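Residue numbers (the working numbering): 232 to 604.
Be careful, since some hints might not be right.
Between beta-carbon pairs, the in silico distance windows are [stated by the list, open to error]:
id	residue 1	residue 2	range
1	537	557	28 to 38 Å
2	393	586	20 to 30 Å
3	370	597	15 to 25 Å
Below 30 Å or equal to it, Euclidean Cα-Cα: the simulated DSS-like pairs (lysine-lysine) are [claimed, not checked]:
id	residue 1	residue 2
4	586	563
5	475	589
6	589	371
7	501	371
8	534	586
9	534	589
Worth flagging that the hints you see were computed from the coordinates, not collected in a lab.
Since this is a predicted model, take the numbers as computed values, not measurements.
Where a beta carbon is used, it is the ideal one built from N, C-alpha and C, also for glycine.
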Amino acid sequence: MYPLSPGSLTNDTSNTYYGRTKMLLVRGTWILRKTTILLLCSTVVLVPMKTNLPYRCGLDANVTALPDSNVTALPDSKRKISSPHQSNSTKTLMNWTEYFEILSAAEKIHEENEVVSVQFLNEGYINMTKSWICNVRQLKTSFLQKVLFITTDQASYRALSSFGPDLHIVPVPSYSVNSARQMSYGQLVYYRYMLFRTGAVLSMLENGLTVWITESDAVWFKDPTEEFVNTTGDAVVMSDNGVKGEIPQGGLLFLRPSPPTISIWRTVYKALREILDEFRDVEGTEDIRDGGSEQIIFGEVVKNVSNFTMDWVDTAKFAPGKWYSSLDFRKKCPEPWVILNNWIEGNANKEARAKQWKHWFLNEKGTECLVVE
232 MYPLSPGSLT NDTSNTYYGR TKMLLVRGTW ILRKTTILLL CSTVVLVPMK TNLPYRCGLD
292 ANVTALPDSN VTALPDSKRK ISSPHQSNST KTLMNWTEYF EILSAAEKIH EENEVVSVQF
352 LNEGYINMTK SWICNVRQLK TSFLQKVLFI TTDQASYRAL SSFGPDLHIV PVPSYSVNSA
412 RQMSYGQLVY YRYMLFRTGA VLSMLENGLT VWITESDAVW FKDPTEEFVN TTGDAVVMSD
472 NGVKGEIPQG GLLFLRPSPP TISIWRTVYK ALREILDEFR DVEGTEDIRD GGSEQIIFGE
532 VVKNVSNFTM DWVDTAKFAP GKWYSSLDFR KKCPEPWVIL NNWIEGNANK EARAKQWKHW
592 FLNEKGTECL VVE
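Take the sequences, apply the hints, and build the full model.
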């Protein structure tokens, strides 16, 4: 068992899908990927890739070829590619081909596991993600087979690729222009990143995938798969304040692709997009506090939907970050399955707290896993 205290270490919008013309362009590019220039890229540098995916639109002219990928796509007749859900607030989140690649990778994982867990990261979250991977590996569970890591810069892609050949990773280099290495909750750049994630998840839901959003700023003592999968609700959530039924947590969120779920997620995406459009010309470091929280938006939206069912997991097993600072929380949840490292801002502070509680599983060089008894 891992130590639990310091010092014990050994409104609905219509579906927007590819038009026939765009679909033909993508299919043609898919076939002629090694010789065709992607017409869907705009103002970017083409990065040739030794892969069975099409050419990627990147922003780094000096990027080397990325490793081969085993991603395969479903037949076109069986897929519904939804739009990249662009907005003025984020300029170009990513291009059509990258959505196609993300969806293809997610479909492959979903086909084998009946669910796909998604994690999004950039360079600033490399070590946090590595520590979480080490944590899950130590559980000797197959959960990592369900996870699709979506990296939004070359540094995070390469770091994860070299950390484990068994990891499912899709790079989205064209997003890096909208991103920042370090982001904190409340900043516009953080919410713009969440808009990107919300749009990608919406595309998966619209294509019939069960999506499990997980985040790496957490410690897992037990694989929670059974607790989430063996439910019937449209969504499965944990509480972010320790009171079941009050505040749904967005960092451990299980979504089934039912019509109510898809409608709600579209509403969440639209609301967040409209909020951020109001700040389209504002610097990303601007702090608007909870003003762009998709978690809060989701919690408010579901209150007004009668045909949407939401299952809440046991608060004695799943704890928010208040567990660390509150003795009362720890008494109510003495043997947690999962503790989220939230309710604290900044990756450096998250990492320091995890190390203080011996909930960190990566060595100082960031190259190997630590063994925690």
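Check whether the Cα positions of residue 475 and residue 589 lie no farther apart than 30 Å.
holds, 28 Å
Does residue 501 pair with residue 371 here, judged by a C-alpha cut-off of 30 Å?
The hint is violated at about 39 Å.
Quick check: does the Cβ-Cβ distance between residue 393 and residue 586 fall within 20 to 30 Å?
Since the Cβ atoms of residue 393 and residue 586 sit about 23 Å apart, the hinted range of 20 to 30 Å holds.
Starting from residue 534, check that the Cα of residue 589 is at most 30 Å away, please.
Status violated; Cα separation ~38 Å.
Measure nothing beyond the straight line between the CA atoms of residue 534 and residue 586; if it is 30 Å or shorter, mark the hint as holding.
violated, 38 Å
I want to verify a distance hint. Is the separation of the beta carbons of residue 537 and residue 557 within 28 to 38 Å?
holds, 34 Å
Holds or violated: residue 586 to residue 563, with C-alpha atoms at most 30 Å apart:
holds, 23 Å
Is the hinted pair residue 589 and residue 371 satisfied, with a Cα-Cα distance of at most 30 Å?
holds, 19 Å
Distance restraint hint 15 to 25 Å, applied to the beta-carbon atoms of residue 370 and residue 597:
holds, 21 Å
The structure is inconsistent with the numbered hints 7, 8 and 9, although it conforms to all the rest.
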